[in-house]
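Visitor: So the chains spell out like this:
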Amino acid sequence: MAATAVSMLWLRDLFAVVMLSGIYSLFAAVLYVVMDAVDVAFTEAAVGAGISTVLMLGTLALTKSKEKAHKKVAYGPLVLVLVTGAILIYGTLDMPRYGDVNAPVHSHVAPRYIEKSGDEVGPPNIVTSVLASYRGYDTLGETAVVFTAAIGVLAIIGRRRKNKKDEPPTAKAKGESAS
Amino acid sequence: MFEIHAGLFNYWVAIALMMVGFYIVIAQGNLVKKIVGINIFQVAVFVFYISMGKVDGGSAPILDESIKVYSNPLPHVLILTAIVVGVATTALALALVVRINRSYGTIEEREIITINHKADHDEDTRS
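Chains as they are written, first to last, in the numbering used here: chain A, 3 to 181; chain B, 1282 to 1408.
With the rest of the complex left out, here is chain A (with noise of 0.2 Å):
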């Protein structure tokens, strides 16, 4: 998985990373089944692993599939994102371990959830349980995100101007834009 992430880093064919995007969301998604969410698995492979490459597809299709040459190490950035990193590592160093079972995130409303759901709700699995019913707000709002996101990806590409080869912006088309 880390190296599918970081052979992205290198290739500049544009194909090669996508494709390498949904490799990774495959892992990933193998990965929650380690880690026993098996909702969550496969709607990585499905939404993430399918539907976002389908999406950057297109867009290669309607741009380029090149990437332009460019600076082989980038040193700024790169100390910026050890340094983080570093940050980060010693961030989880008092972290609860992993799989322990008196971790704080255990503790609170999940038990009930567990205990309880089969009785309250009904459905076995209890991921459904709490994504329909006690947190049935929060899935109502991702709706709303996705509307939102569809009538911005309409109001950006959805209508041809007509003049279909629009030139790189002339002082005057800037100047009109900022007023």
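To be clear, the hints were calculated from the coordinates, so they are not data collected in a lab. Just to be clear, a hint being listed does not mean it is correct.
No farther apart than 30 Å at their CA atoms in a straight line, the calculated lysine-lysine pairs in the DSSO-like style are these [said to hold, decoys possible]:
1. A:K68 - B:K1399
2. A:K66 - B:K1399
3. B:K1315 - A:K66
4. B:K1349 - A:K118
5. B:K1315 - A:K68
6. B:K1315 - A:K70
7. B:K1315 - B:K1399
8. B:K1399 - A:K70
Partial list, derived from the structure: chain A residues whose beta carbon lies under 8 Å from chain B [as the list claims (entries may be wrong)]:
9. M37
10. K70
11. G87
12. V103
13. I158
Now the in silico label distances, taken between C-beta atoms and shown as ranges [claimed, not checked]:
14. A:F44 - B:K1349: 22 to 28 Å
15. A:V85 - B:G1288: 21 to 27 Å
16. B:G1288 - A:S67: 41 to 47 Å
17. B:N1397 - A:D102: 47 to 53 Å
18. B:A1287 - A:L156: 45 to 51 Å
19. A:P126 - B:G1338: 17 to 23 Å
20. B:A1287 - A:A157: 47 to 53 Å
21. B:N1397 - A:E117: 57 to 63 Å
22. A:R99 - B:E1404: 55 to 61 Å
23. B:D1401 - A:R114: 57 to 63 Å
24. B:D1401 - A:A48: 44 to 50 Å
Quick caveat, the model's predicted, so the values are computed rather than measured. Where is the CB? At the ideal position from N, CA and C, for every residue including glycine.
Fit chain B to the supplied structure of chain A, relying on the hints for placement.
Guide: Same frame as chain A, but now just chain B:
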């Protein structure tokens, strides 16, 4: 050292992936690649959350008589929502890239900046 911190390995994997995504976002000039970087970052955060929900000896949170210990279902629910929202934002970002390509003819950050500078310069000389 490694023995003591072995239980933190899951967080470190997530952080490493996160930083790869972060580096792609800030260091690479191609807009599509930047979006791929954001996706890598996002998935790293998901892995982080899901790994927090895992309980030793636990099983997937689907009720059954024979199972005593379940993993925590709450992070799963949150991440399900986050995945769908993530794809929505990716779609929006890609639409912006298509629009940028339509009016600038390029998806390289550096070239876009050059074109903008040139347009600004034209404006200055004209006025």
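Visitor: Hint by hint, say whether it matches the structure.
Guide: Hint check:
{"no.": "1", "hint": "A:K68 - B:K1399", "result": "24 Å, holds"}
{"no.": "2", "hint": "A:K66 - B:K1399", "result": "23 Å, holds"}
{"no.": "3", "hint": "B:K1315 - A:K66", "result": "14 Å, holds"}
{"no.": "4", "hint": "B:K1349 - A:K118", "result": "14 Å, holds"}
{"no.": "5", "hint": "B:K1315 - A:K68", "result": "14 Å, holds"}
{"no.": "6", "hint": "B:K1315 - A:K70", "result": "14 Å, holds"}
{"no.": "7", "hint": "B:K1315 - B:K1399", "result": "24 Å, holds"}
{"no.": "8", "hint": "B:K1399 - A:K70", "result": "20 Å, holds"}
{"no.": "9", "hint": "M37", "result": "5 Å, holds"}
{"no.": "10", "hint": "K70", "result": "5 Å, holds"}
{"no.": "11", "hint": "G87", "result": "4 Å, holds"}
{"no.": "12", "hint": "V103", "result": "6 Å, holds"}
{"no.": "13", "hint": "I158", "result": "4 Å, holds"}
{"no.": "14", "hint": "A:F44 - B:K1349: 22 to 28 Å", "result": "25 Å, holds"}
{"no.": "15", "hint": "A:V85 - B:G1288: 21 to 27 Å", "result": "25 Å, holds"}
{"no.": "16", "hint": "B:G1288 - A:S67: 41 to 47 Å", "result": "43 Å, holds"}
{"no.": "17", "hint": "B:N1397 - A:D102: 47 to 53 Å", "result": "52 Å, holds"}
{"no.": "18", "hint": "B:A1287 - A:L156: 45 to 51 Å", "result": "50 Å, holds"}
{"no.": "19", "hint": "A:P126 - B:G1338: 17 to 23 Å", "result": "20 Å, holds"}
{"no.": "20", "hint": "B:A1287 - A:A157: 47 to 53 Å", "result": "50 Å, holds"}
{"no.": "21", "hint": "B:N1397 - A:E117: 57 to 63 Å", "result": "59 Å, holds"}
{"no.": "22", "hint": "A:R99 - B:E1404: 55 to 61 Å", "result": "60 Å, holds"}
{"no.": "23", "hint": "B:D1401 - A:R114: 57 to 63 Å", "result": "60 Å, holds"}
{"no.": "24", "hint": "B:D1401 - A:A48: 44 to 50 Å", "result": "45 Å, holds"}
Of the numbered hints listed earlier, not one is contradicted by the structure.
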